[in-house]
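There are 2 protein chains.
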Amino acid sequence: MFEVEVKELYRHQEKYLNQEVKVSGWIRTVRSSKSFGFIELNDGTFFKNLQIVFDEKIDNFKEIEKLPISSSITVEGKLVETPGAKQPFEVHADRIVVEGYSHSDYPLQKKKHSFEYLRTIAHLRPRSNTFSAVFRVRSVAAYAIHKFFQERGFVYVHTPIITGSDCEGAGQMFRVTTLDLNNLPRKEDGSIDFSEDFFGKETNLTVSGQLEAEVYALAFKKVYTFGPTFRAENSNTPRHASEFWMIEPEIAFADLNDYMDLAEDMVKYIISYVLENCPEEMEFFNNFIDNTLFERLNNVVNSEFARITYTEAIELLKKSGENFQFPVEWGCDLQTEHERYITEKIFKKPVFVTNYPKDIKAFYMRLNDDGKTVAAADLLVPGVGEIIGGSQREERYDVLLNRIRELGMKEEDYWWYLELRKYGGTKHAGYGLGFERMIMYLTGMSNIRDVIPFPRTPRNAEF
Amino acid sequence: MFEVEVKELYRHQEKYLNQEVKVSGWIRTVRSSKSFGFIELNDGTFFKNLQIVFDEKIDNFKEIEKLPISSSITVEGKLVETPGAKQPFEVHADRIVVEGYSHSDYPLQKKKHSFEYLRTIAHLRPRSNTFSAVFRVRSVAAYAIHKFFQERGFVYVHTPIITGSDCEGAGQMFRVTTLDLNNLPRKEDGSIDFSEDFFGKETNLTVSGQLEAEVYALAFKKVYTFGPTFRAENSNTPRHASEFWMIEPEIAFADLNDYMDLAEDMVKYIISYVLENCPEEMEFFNNFIDNTLFERLNNVVNSEFARITYTEAIELLKKSGENFQFPVEWGCDLQTEHERYITEKIFKKPVFVTNYPKDIKAFYMRLNDDGKTVAAADLLVPGVGEIIGGSQREERYDVLLNRIRELGMKEEDYWWYLELRKYGGTKHAGYGLGFERMIMYLTGMSNIRDVIPFPRTPRNAEF
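First to last, the protein sequences are chains A and B.
All residue numbers in the first sequence are consecutive under the UniProt record's numbering, ending with 463.
All residue numbers in the second sequence are consecutive under the UniProt record's numbering, ending with 463.
Watch out, some of these pointers could steer you wrong.
[As the list claims (entries may be wrong)] Chain A is nowhere near these chain B residues, computed Cβ spacing over 10 Å in every case:
id	residue
1	Ser24
2	Glu56
3	Glu63
4	Lys221
5	Met260
6	Arg403
7	Lys410
8	Arg459
[As the list claims (entries may be wrong)] Distance ranges between label pairs, derived from CB positions:
id	chain 1	residue 1	chain 2	residue 2	range
9	A	Asn291	B	Pro107	58 to 66 Å
10	A	Met409	B	Ser114	54 to 62 Å
11	A	Lys15	B	Asn257	51 to 59 Å
12	B	Gly190	A	Ser195	24 to 32 Å
13	B	Asp413	A	Thr336	47 to 55 Å
14	B	Asp413	A	Ser235	35 to 43 Å
15	A	Gly190	B	Glu116	31 to 39 Å
16	A	Ser35	B	Val399	34 to 42 Å
17	A	Lys348	B	Lys15	36 to 44 Å
Calculated from the structure, these hints are not laboratory results.
C-beta atoms are modelled at their ideal positions from N, C-alpha and C, and glycine is treated no differently.
Based on the provided sequences and hints, a complete structural model is requested.
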């Protein structure tokens, strides 16, 4: 007898056909007539179910046919081919042992539930088809990212989650503290004495590991981060979460073109890897969630991404004659409507837009020779708009210092970041990919809450 | 001309010998006599340096020979074999371009620095031999863990970092808040109104993803987490950090023996993978950090781990005649001195100790039939003591509920955890591996601050 998982049966059925097998899993459906019945069994290792046929030969027939959905069982029996049927094979049960009973009030009954409702039972939703597919794709995509970078010699860096300063100035942050809020320590002037806090000063949750990743790029040449980041913005949209995972590669002796080459390779690799390793899940998404999915993803994999400057993009948008909600003028930030128009209508494939006005970009981006744009590039993809943002970093000590002062930032907070430029700095570049955005793009799921196991959003931190 | 990285030169030198190559990197040392000089160049992709020979043929000879350590350069020249020399080959430079100047006050001069000092320059220490080795091993070990689990069909789950409750009761937690501490919202009775906080209630940083991992194990059968966890304990020891990464696998239809089999395989896999993929780094650690390292690691890989019960362990310790600082009695928690005695003196190899008294273990561990022990197991390894802790989980609804009540925990906080037992629960087990402890074990580094890029400890959140 083979003790075996369902995925293994589907992938190597020839090894098990007409053999005795033993499989454990959860009942998705059970139906029976007088003397025999069928169970759709899912063991979590595979998207598809295994069909179990049982009859009065088993001594607990009456018990089995009445098992509530999601009861867990172990089945022993012979694996038999079923030519012409929907499924390739089934198990003829000789013995079924109940591992754990479910209840008739099990909330995930066969009828279709709304995604909104399923969020309230986040502890059970991974047992449904959609979420079983989403979270397997999420896992496989995460591995694809590690594999892509590791096979290319990148060093994975764990940048800190708790930080002493808002180094990117990227918006509102979560405070981390162990102070007793009912009894805050005070200095003589009445202000809160943060020297009494756990770290001896004010600390927050990180919004980005980039600045620390630069430290490591200037030692290891090629590095990447992959970790959680946080935004305390009160944005209740389908695309914003307060806690999400980011991938931030950083490469030394590299410029903007090197970053774009790397990002293009990475995006194509992730998509190809997931299509190859999750065929059943991806087919499900294409059939039931977004029927343009395969077309869209294949288009990305098979295109050479376009590269245009921001200035060219503005001209193209102006010439388009399109009536945009936000008017287009050189100097304005591109809105999603503009980004989508460029990638969907003009190029019909992914587009890097480069060299943005410095005033709409971050302080660390490399100033171009024109004095008014920076070596930034965003990747726009059909169906979404921006999916990656990145830049060549300012490696010139004086230029960076000027920029920090110009923006009124605290120079002393950046002493170590500046020193990177003092001690053998070199041109380097990097980018950030929001992992959940990538999963949404891969699956066609339209709400970020549905691609995070236990999402955190304003007023919601359940489970 | 080949534009190439140093690792590639070492791994496939036959392809590049007597060819023109172009290499960029940072100067580790430079020495010169009147008419020629040597540079040890490190490009971050490899532990070892590349020797560059340059002479007055290059037009900036005078500039190059005076370059401060850590200046970055690009070298073009021929790769030439150097039979009998320390290094296998060197580059005879035709051209050297300075990418970035360093300064003569570069803090990482050739003389040896203490690890304590190097912590104060965490932005530069990855450029030293020791830390370049530590952080490459850290990266490769992280990948080994993903590879191990993914190749076995495990689903990687991102459990939440911000949590609504102290579900493990594992000690002090960091509060996460966006409330204005200078102007805290109050309820009528004067207490703080946490319904005004970002998530509408009190939230903390997670101490463990286990309970949420159980949710996913009961959907996917085999899952693992790998993410940051936090402890707000005021422990200033070489083995405690406030922010560290944990791996928490969880398997369904599995008992304590299945967990031990999996953990044993995993530990052996990680060690073997790192030995195979970081040979230069591991040799460095064995030579300069801990010269018992290879012996210790090989012993682990080649041993069948022992398995004894806690009760047997207590008997063995009592019979040993050893004079322990903490006396041994059934019911006591094992101290590091006991753990190390068992694994180093009695068994001389890794040992799982199983079935601990329930009163010294967590609420979720499965109660054994004797009513006084639980199905827990800790893995003890020579040189460290405990490196993994795990258990079979209590899958029986009533037993779990009783235990929660017995310990005075809030039943309503665990509604979803209890429901896992109500809707098709099954036997399952899992464990936690502290990633930094594993890195310390792999490298021989004795302070956790030296295996984390930017460590967070009490009163320290620099960079």
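Hints versus structure:
1. Not every beta carbon of chain A lies more than 10 Å from that of Ser24 of chain B, the smallest distance being close to 4 Å; the non-interface claim is violated.
2. Residue-level check passed: Glu56 of chain B sits 24 Å from the nearest beta carbon of chain A, beyond 10 Å.
3. Annotated as non-interface, Glu63 of chain B keeps its C-beta farther than 10 Å from every C-beta of chain A; the closest such distance is 15 Å.
4. Not every beta carbon of chain A lies more than 10 Å from that of Lys221 of chain B, the smallest distance being close to 4 Å; the non-interface claim is violated.
5. The Cβ of Met260 of chain B sits about 18 Å from the closest Cβ of chain A, beyond the 10 Å cut-off, so the non-interface label holds.
6. At roughly 18 Å, the least C-beta separation between Arg403 of chain B and chain A is larger than 10 Å, which holds for a residue marked as non-interface.
7. Every beta carbon of chain A lies more than 10 Å from that of Lys410 of chain B, the smallest distance being close to 15 Å; the non-interface claim holds.
8. Not every C-beta of chain A lies more than 10 Å from that of Arg459 of chain B, the closest at about 4 Å, which undercuts listing it as non-interface.
9. A C-beta distance of roughly 59 Å is found between Asn291 of chain A and Pro107 of chain B, which places it inside the suggested range of 58 to 66 Å.
10. Under the hint 54 to 62 Å, the C-beta atoms of Met409 of chain A and Ser114 of chain B, about 33 Å apart, miss the expected range.
11. The beta-carbon spacing between Lys15 of chain A and Asn257 of chain B, approximately 26 Å, falls outside the hinted interval of 51 to 59 Å.
12. A C-beta distance of roughly 27 Å is found between Gly190 of chain B and Ser195 of chain A, which places it inside the suggested range of 24 to 32 Å.
13. Checked against the hint of 47 to 55 Å, the pair Asp413 of chain B and Thr336 of chain A fails, with Cβ atoms roughly 40 Å apart.
14. The beta-carbon spacing between Asp413 of chain B and Ser235 of chain A, approximately 28 Å, falls outside the hinted interval of 35 to 43 Å.
15. Between Gly190 of chain A and Glu116 of chain B the beta carbons are some 37 Å apart, a value that agrees with the proposed interval 31 to 39 Å.
16. A hinted range of 34 to 42 Å for the beta carbons of Ser35 of chain A and Val399 of chain B is consistent with their spacing of about 37 Å.
17. Checked against the given bound of 36 to 44 Å, the beta carbons of Lys348 of chain A and Lys15 of chain B, roughly 41 Å apart, stay inside it.
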